[in-house]
Amino acid sequence: MNKQERRQLIEQEIVKCSRCGNCRSICPVFLAENNENTTPRSKARLLEAVLENDIELTAGVQQRFEKCLFCKACLTHCGSGVATDKVILAARTAAAERNGISPMKKLAFTGLRYRKLFDLCLRAGALFQHVIFKKLPDGRGRAPRILLPGAGLNQRRIMPDMTVSPLRTRLPEFIPAKKADSQGTVLFFTGCMLNYFYPQTGDAVVNILTANGWNVVIPAEQCCCGTPAFTSGDEATGRVLAEQNVQAIGSKKYDHIVTACASCGAALKEEYAHILGDSPLLAASQNVAGKVLDITQFVLQHCDLTKLGKVPLKVTYHDPCHLVRGMQVSAEPRQILQSIPGLEYVEMKDASRCCGAGGSFSAVYYELSRHINDKKLDNAANTGTDYCITGCSSCRMHITDGLTQRHSPMKVLHTAEIISMAYEAGGKEGETC
Amino acid sequence: MLKPEVLNKLRAVVGNSHVLSEPEDMIVYSNDATILSAKPEAVVQPANRDEVAAVVKLAARYNIPVTCRGAATCLSGGTIPLKGGIVLELTRLNQILKIDKVNKIAVVQPGVITFDLITAAGNAGLLYPPDPSSMKESTLGGNVAECAGGPKGVKYGITRDFVLGMEAVLSDGSIIQTGNAVDGDMCGPDWTMLLTGSEGTMAVITSITLRLVPLPAVKKTMMAVYDRLEDAAKTVSVTMAAGIIPTTLELMDNLSIVSVEKYLKIGLPVKAGGLLLIEVDGVLSTVEENARRVSEICKQCGATEVKIAQTPQEAEDLWRARRSINPAFGQVAPCKFAEDATVPRSLVPVLVEKIMSIQEKYDVPIFNMGHAGDGNMHPTIMFDKRNKEQMARAEQALDEVHIVTLELGGTLSGEHGIGCAKAPYLRAETGATGYKIGREIKQAVDPLGILNPGKMFFYEGKLH
Ligand SMILES: Cc1cc2nc3c(=O)[nH]c(=O)nc-3n(C[C@H](O)[C@H](O)[C@H](O)COP(=O)(O)OP(=O)(O)OC[C@H]3O[C@@H](n4cnc5c(N)ncnc54)[C@H](O)[C@@H]3O)c2cc1C
Ligand code: SF4
Ligand code: SF4
Chain A
1 MNKQERRQLI EQEIVKCSRC GNCRSICPVF LAENNENTTP RSKARLLEAV
51 LENDIELTAG VQQRFEKCLF CKACLTHCGS GVATDKVILA ARTAAAERNG
101 ISPMKKLAFT GLRYRKLFDL CLRAGALFQH VIFKKLPDGR GRAPRILLPG
151 AGLNQRRIMP DMTVSPLRTR LPEFIPAKKA DSQGTVLFFT GCMLNYFYPQ
201 TGDAVVNILT ANGWNVVIPA EQCCCGTPAF TSGDEATGRV LAEQNVQAIG
251 SKKYDHIVTA CASCGAALKE EYAHILGDSP LLAASQNVAG KVLDITQFVL
301 QHCDLTKLGK VPLKVTYHDP CHLVRGMQVS AEPRQILQSI PGLEYVEMKD
351 ASRCCGAGGS FSAVYYELSR HINDKKLDNA ANTGTDYCIT GCSSCRMHIT
401 DGLTQRHSPM KVLHTAEIIS MAYEAGGKEG ETC
Chain B
1 MLKPEVLNKL RAVVGNSHVL SEPEDMIVYS NDATILSAKP EAVVQPANRD
51 EVAAVVKLAA RYNIPVTCRG AATCLSGGTI PLKGGIVLEL TRLNQILKID
101 KVNKIAVVQP GVITFDLITA AGNAGLLYPP DPSSMKESTL GGNVAECAGG
151 PKGVKYGITR DFVLGMEAVL SDGSIIQTGN AVDGDMCGPD WTMLLTGSEG
201 TMAVITSITL RLVPLPAVKK TMMAVYDRLE DAAKTVSVTM AAGIIPTTLE
251 LMDNLSIVSV EKYLKIGLPV KAGGLLLIEV DGVLSTVEEN ARRVSEICKQ
301 CGATEVKIAQ TPQEAEDLWR ARRSINPAFG QVAPCKFAED ATVPRSLVPV
351 LVEKIMSIQE KYDVPIFNMG HAGDGNMHPT IMFDKRNKEQ MARAEQALDE
401 VHIVTLELGG TLSGEHGIGC AKAPYLRAET GATGYKIGRE IKQAVDPLGI
451 LNPGKMFFYE GKLH
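Sequence order for the protein chains is A and B. When the count follows the numbering used here, it moves up by one through the first sequence with no breaks and lands on 433 for the last residue. When the count follows the numbering used here, it moves up by one through the second sequence with no breaks and lands on 464 for the last residue.
Please keep in mind that the hints were generated in silico from the structure rather than gathered at the bench. Hints may contain errors.
[Unchecked claim] Heads up, incomplete: computed chain B residues facing chain A, CB under 7 Å, no partners named:
#1 Asn31
#2 Lys104
#3 Val107
[Unchecked claim] List time: in silico PhoX-like cross-link candidates among lysine-lysine, alpha-carbon distance up to 25 Å:
#4 B:Lys101 <-> B:Lys136
#5 A:Lys67 <-> B:Lys388
#6 A:Lys428 <-> A:Lys67
#7 B:Lys385 <-> A:Lys3
#8 A:Lys16 <-> B:Lys101
#9 B:Lys57 <-> B:Lys442
#10 B:Lys388 <-> A:Lys16
#11 A:Lys16 <-> B:Lys136
#12 B:Lys265 <-> A:Lys16
#13 A:Lys72 <-> B:Lys3
#14 A:Lys72 <-> B:Lys388
#15 A:Lys67 <-> B:Lys442
#16 B:Lys3 <-> B:Lys83
#17 B:Lys262 <-> A:Lys86
#18 B:Lys9 <-> B:Lys39
#19 A:Lys16 <-> B:Lys262
#20 B:Lys9 <-> A:Lys375
#21 A:Lys86 <-> A:Lys72
#22 A:Lys349 <-> B:Lys385
#23 A:Lys72 <-> B:Lys39
#24 B:Lys385 <-> B:Lys361
#25 A:Lys375 <-> B:Lys385
#26 A:Lys16 <-> B:Lys155
#27 A:Lys307 <-> A:Lys428
#28 A:Lys86 <-> B:Lys385
[Unchecked claim] Which stretches of chain A does chain B cover? Using the computed rule of at least three CB atoms under 8 Å from a CB of chain B, they are:
#29 42-56
#30 59-65
#31 74-86
Even for Gly, the Cβ is constructed at its ideal location relative to N, Cα and C.
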């Protein structure tokens, strides 16, 4: 989007803001901080002042736009239909162009552009992570040994273990269905979190797909979906990554695309169309967008629920923002969980309220994001369940961190993992009878 | 800008992070839910009564204006610091201090969100009836200062009917207690009532004692559909004349119905000229009886259909239509003047017709709807502020709505307050003598004139 288009978009959206303040009751950052500066209406007001030349896009304005989780709650709650997400993105991009972004982010996003280098760095990171992080005895992850504020690492923060053998290096590009009569081929877009931190989720997705008779293709050329870059206002990097992914996907043959990361899914499905607005790859990206399904959508539409076996766990579910509001997926995971035999499902209060992770938000505003997370943990604890299930690895990481800090016995699992457990149990039951 | 000396003293009172003074903060705190705007010189967020008193004392010493602010959902410009100075944000005083089940009383700090009190009272088996549509955001301090109303006003009354007493900080920093937790308190003039609806011009409210009522046993929700809006309006006066007092009587015109339907798609009658959303509550036998009688009256007055919700879900669907009017405005135009014209209930049909003709005369869309049961209508004029010519027509239509309301013996504000938005018409409502007394009372209570200057009786623009 060029400057002129961005200005038009901002103008057209903020004129709709009636300053009614409805967004005060929903914005998690406002609810935590109780300061008008953090409400969506204040963001609209600030941009109005910028357009009227009352103030420039100062670092102060930029910082106010940074204090947003991008949870999209205001978007669905705003009576006047202000497209706050687009406004915030446009403003972040404009501010980044004027003032730049933090050196740490800049370095990280530049690294992201070079897929092989990025991969090498993270794999090296996995080998050397013990230098910076100490492993926790309970196996939940690692805590930093030293303060790394620039990297958004607070000494309290628990990170997941980085894997020494990332998912995509371990798995072949093509994995055939476990059944003889294959139903077709699914392209699995893994994303970074699954690849480097939670490969077990990736394994679960592959299990689910192959057990239901689908071949899986995992393009080796895929890279980060770009969400961290473009939501921080680095549109250029976002674009490079989007193009690389669209090309990587386009070079494969597949019937559906499956994601198990809400941000990747929403990026492929929604955001690329904006980022690639005037790119020759726009048509290809729209083709991609039309095929994307979250793993839970895919399971409901294309897998056999009657083969789910017993999983005797008591669970609750947390809606990742980019899944419930980004991809409109919220009924699907619940429906699947409730059809797993032996599984007891308890809905938590405000299940769709943001957990406070918000990508780099939790790095920059760690204490604030912990504070927002506390509400989530309380609501989860009140269900009296042993597991919190969620469909996003960032949420998982943040909630796990919070649980560990609290010494809570509750554990977090990705939805795909519990579904995979159920299919495995179903398979075994089948064998015995 | 306030002098650094003053800022430092303020910081010493409330703590560094609770004095905001960056240029960006001043923009963010320059508005409420109106289109108007003026920047403060600092925002101060006290945590308790003593901090409030200390801040006001400082302001008095340096002659700095103080404008109170709750959630800033005000629709009359009440929180806009017309003369700069301090915006005093009271949302950190957000404790429900007491819910007394036996005496049916709640004591709250002003920053408590209205909905939080309604929930807490409900958990104790009690009802706090004032339910402004902004209740999930608005604060009780703001409600009392504006004397807010809501859909339940027909039966239960508005905020003023529930305020028993309060604690407030006067403009010199001294503290006053008014009223009493006893219902029958009648020691002298009602100071509590003087501060209720004073819109932050007389004192800073720091604690409020509110009356609660028992939760009604049952309620019934229904919707009556009319070909002609006038017939819906007539139903309101006939119902009230018949001696039935519903909890709610909400009117929606065709524009509201069509816009809500576009937004919600729940199968509303888009061909209807108007509809009424009616709720009756109480004990089972009277509720059944009243619902039956109301639906008869609706039919007599020309309703083509009366639908009584059979399940809580159906009732919720009907309510959703009413609550979604605000979101639905956006279907028509991006900006609006949400008005608050209130007339005696018997004149609702006349007001409705007049508003229809104002809409034609100025060629601007007007949503003709509101809490018809207590005569409190919300004609909402739609425009795009980027279109100057259209905005001018909208402003003329707004003028005429005010004038027509006063001509019908009504009032400028059923609930949104006067602030600066409606101050130009205040003298026309009170009369010259009433206006003079209004000024004198304010001067007696706030001799320094630092509390919310430029509002109500101290508006400095042209008067009608
Ligand atoms: C979408 C929408 C729907 C609405 N629906 C209704 C409705 O149904 N009924 C209704 O009555 N109103 C309604 N309003 C108007 C508004 O919500 C009410 O006036 C509400 O009472 C304001 O509360 P607040 O906390 O936002 O106060 P603010 O807007 O912050 O302040 C309102 C006034 O009170 C003063 N004030 C605030 N706190 C104090 C205090 N502690 N001491 C002294 N003065 C104080 C301020 O100076 C200001 O003059 C609506 C507004 C919106 C935007
Ligand atoms: S809810 Fe929407 S219209 Fe209302 S203040 Fe927030 S952004 Fe503006
Ligand atoms: S996206 Fe979420 S955090 Fe950001 S302004 Fe909207 S509600 Fe607040």
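How the hints compare with the structure:
no.: 1; hint: Asn31; result: holds, 5 Å
no.: 2; hint: Lys104; result: violated, 27 Å
no.: 3; hint: Val107; result: violated, 21 Å
no.: 4; hint: B:Lys101 <-> B:Lys136; result: holds, 23 Å
no.: 5; hint: A:Lys67 <-> B:Lys388; result: violated, 34 Å
no.: 6; hint: A:Lys428 <-> A:Lys67; result: violated, 49 Å
no.: 7; hint: B:Lys385 <-> A:Lys3; result: holds, 23 Å
no.: 8; hint: A:Lys16 <-> B:Lys101; result: violated, 44 Å
no.: 9; hint: B:Lys57 <-> B:Lys442; result: holds, 18 Å
no.: 10; hint: B:Lys388 <-> A:Lys16; result: holds, 16 Å
no.: 11; hint: A:Lys16 <-> B:Lys136; result: holds, 21 Å
no.: 12; hint: B:Lys265 <-> A:Lys16; result: holds, 21 Å
no.: 13; hint: A:Lys72 <-> B:Lys3; result: violated, 40 Å
no.: 14; hint: A:Lys72 <-> B:Lys388; result: violated, 32 Å
no.: 15; hint: A:Lys67 <-> B:Lys442; result: violated, 41 Å
no.: 16; hint: B:Lys3 <-> B:Lys83; result: holds, 16 Å
no.: 17; hint: B:Lys262 <-> A:Lys86; result: holds, 23 Å
no.: 18; hint: B:Lys9 <-> B:Lys39; result: holds, 21 Å
no.: 19; hint: A:Lys16 <-> B:Lys262; result: holds, 17 Å
no.: 20; hint: B:Lys9 <-> A:Lys375; result: violated, 35 Å
no.: 21; hint: A:Lys86 <-> A:Lys72; result: holds, 10 Å
no.: 22; hint: A:Lys349 <-> B:Lys385; result: violated, 40 Å
no.: 23; hint: A:Lys72 <-> B:Lys39; result: violated, 29 Å
no.: 24; hint: B:Lys385 <-> B:Lys361; result: holds, 19 Å
no.: 25; hint: A:Lys375 <-> B:Lys385; result: violated, 40 Å
no.: 26; hint: A:Lys16 <-> B:Lys155; result: violated, 35 Å
no.: 27; hint: A:Lys307 <-> A:Lys428; result: holds, 10 Å
no.: 28; hint: A:Lys86 <-> B:Lys385; result: holds, 21 Å
no.: 29; hint: 42-56; result: holds (count 6)
no.: 30; hint: 59-65; result: holds (count 3)
no.: 31; hint: 74-86; result: holds (count 4)
When each numbered hint is compared with the structure, violations occur for hints 2, 3, 5, 6, 8, 13, 14, 15, 20, 22, 23, 25 and 26.
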